[in-house]
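Trainee: Working from the sequences, and respecting the hints, build out all of it.
Chains as they are written, first to last, in this note's numbering: chain L, 1 to 202; chain U, 203 to 259.
The hints are simulated quantities; they were obtained by calculation from the structure and are not laboratory data. Treat the hints loosely; a few may be bogus.
To give a feel for the contact side, a few chain U residues facing chain L, derived at Cβ under 8 Å [to be verified]:
(1) 231
(2) 232
(3) 233
(4) 235
(5) 236
(6) 239
(7) 240
(8) 244
(9) 245
(10) 248
(11) 251
(12) 252
(13) 255
Glycine is no exception: its CB is placed at the ideal position from the N, C-alpha and C atoms.
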Amino acid sequence: MGGTERTASEKADFKRELTDVVPHLRAFARGLCGRADMADDLVQETLLKAWAAQERFQPGTSMRAWTFVILRNAYLTDMRRNRFRGEYDETVAERILTAPAGQEEPIHLSDMHRALLTLPPERREALLLVGAGGFSYEEAATICDCAVGTIKSRVGRARAALNTMLSDGSIPKRSLQDDAAHRAILEELDDVAAGNGIAARS
Amino acid sequence: MNSDKTDMPTPRGAPAANRDGKDPEWANGLRKLYDSVVDEPLPDSFKDLLEQLDTKD
Chain L
1 MGGTERTASE
11 KADFKRELTD
21 VVPHLRAFAR
31 GLCGRADMAD
41 DLVQETLLKA
51 WAAQERFQPG
61 TSMRAWTFVI
71 LRNAYLTDMR
81 RNRFRGEYDE
91 TVAERILTAP
101 AGQEEPIHLS
111 DMHRALLTLP
121 PERREALLLV
131 GAGGFSYEEA
141 ATICDCAVGT
151 IKSRVGRARA
161 ALNTMLSDGS
171 IPKRSLQDDA
181 AHRAILEELD
191 DVAAGNGIAA
201 RS
Chain U
203 MNSDKTDMPT
213 PRGAPAANRD
223 GKDPEWANGL
233 RKLYDSVVDE
243 PLPDSFKDLL
253 EQLDTKD
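Mentor: Written as structure tokens, this is what we have:
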């Protein structure tokens with residue numbers, strides 16, 4: 001795609017930047033697919049794809065945003081092959097969040113993560129990008145290859161759903177292992193994947 | 203397909219975040235969830251993979 005052969009120093013820069021974003025890729029992947037081992041497999045796949053596609057990276061632009069697109073596409077592909085069932089690894093998150101001053105009930109990280117995993121994937125990724133990863137709506141829209149208004153809507157709906165779940169404690173325990181729910185997710189993924197054509201496809 | 207139209211209002215009864223200018227308490231938890239992974243030490247498998255990249259040209 002119009003790239004020219006990189007010099008050795010450009011390759012070194014690329015690798016340094018790629019190395020720097022690995023912790024962020026792991027965090028994004030963990031939020032997307034729930035299980036630490038699967039998330040790390042996804043990140044490794046992403047790193048290999050990013051390295052192979054490095055001539056398409058524009059130096060000076062955001063490596064984090066660029067690699068998130070690759071990770072997202074790999075996730076959608078794997079999800080469609082049924083590799084991820086949104087399973088949640090309970091052992092990861094027995095840690096308790098510090099309760100904000102004046103709050104009686106601390107939110108458990110495990111509740112937070114489980115609630116997150118019940119969201120439809122496109123809302124989950126939107127919330128992760130904006131609410132956890134600190135991307136602007138514009139950047140998140142670029143990563144997800146959709147309109148800014150769509151991202152805003154998805155984040156708003158994700159927030160409303162989490163508000164409800166976390167305030168009533170009504171987090172579905174097994175909805176993602178439920179076949180009907182899983183089918184619904186796969187149908188939604190068709191929509192997500194349909195608008196899925198940014199540079200980093202590989 | 204049409205579920206993400208921006209002209210659809212937030213459902214009543216599920217108060218939107220930031221209505222009162224404050225994030226709900228879980229918003230901080232979401233960042234903590236993310237940051238807790240960012241702050242984890244990198245497993246050796248990643249160091250190995252990154253080292254091997256240079257030989258993949």
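Trainee: Decide, hint by hint, whether the structure agrees.
Mentor: Hint by hint, here is what the structure shows:
1. Hint status for residue 231 of chain U relative to chain L: holds, with the closest Cβ pair at about 5 Å, below 8 Å.
2. At its closest, the beta carbon of residue 232 of chain U sits 5 Å from a beta carbon of chain L; the interface hint therefore holds under the 8 Å criterion.
3. At its closest, the beta carbon of residue 233 of chain U sits 5 Å from a beta carbon of chain L; the interface hint therefore holds under the 8 Å criterion.
4. A distance limit of 8 Å between C-beta atoms decides the matter here; for residue 235 of chain U the minimum to chain L is near 6 Å, and the interface restraint holds.
5. At about 4 Å, the closest approach between the beta carbon of residue 236 of chain U and any beta carbon in chain L falls short of 8 Å, and the interface hint on this residue holds.
6. At a threshold of 8 Å, the smallest CB-CB gap from residue 239 of chain U to chain L is about 4 Å, leaving the interface hint in force.
7. Because the closest C-beta pair between residue 240 of chain U and chain L is about 4 Å apart, less than 8 Å, the hint holds.
8. For the restraint placing residue 244 of chain U at the interface with chain L, the shortest Cβ-Cβ distance is roughly 6 Å, inside the 8 Å limit, so the hint holds.
9. Here the hint on residue 245 of chain U is kept, as its CB sits about 7 Å from the closest CB of chain L, short of 8 Å.
10. The interface hint given for residue 248 of chain U is met, as the beta carbon of that residue sits about 6 Å from the closest beta carbon of chain L, less than 8 Å.
11. Satisfaction of the interface hint for residue 251 of chain U is found here, the shortest Cβ-Cβ separation to chain L being roughly 6 Å, below the 8 Å cut-off.
12. The interface hint given for residue 252 of chain U is met, as the beta carbon of that residue sits about 6 Å from the closest beta carbon of chain L, less than 8 Å.
13. A least Cβ separation of about 5 Å between residue 255 of chain U and chain L falls short of the 8 Å threshold, and the interface hint therefore holds.
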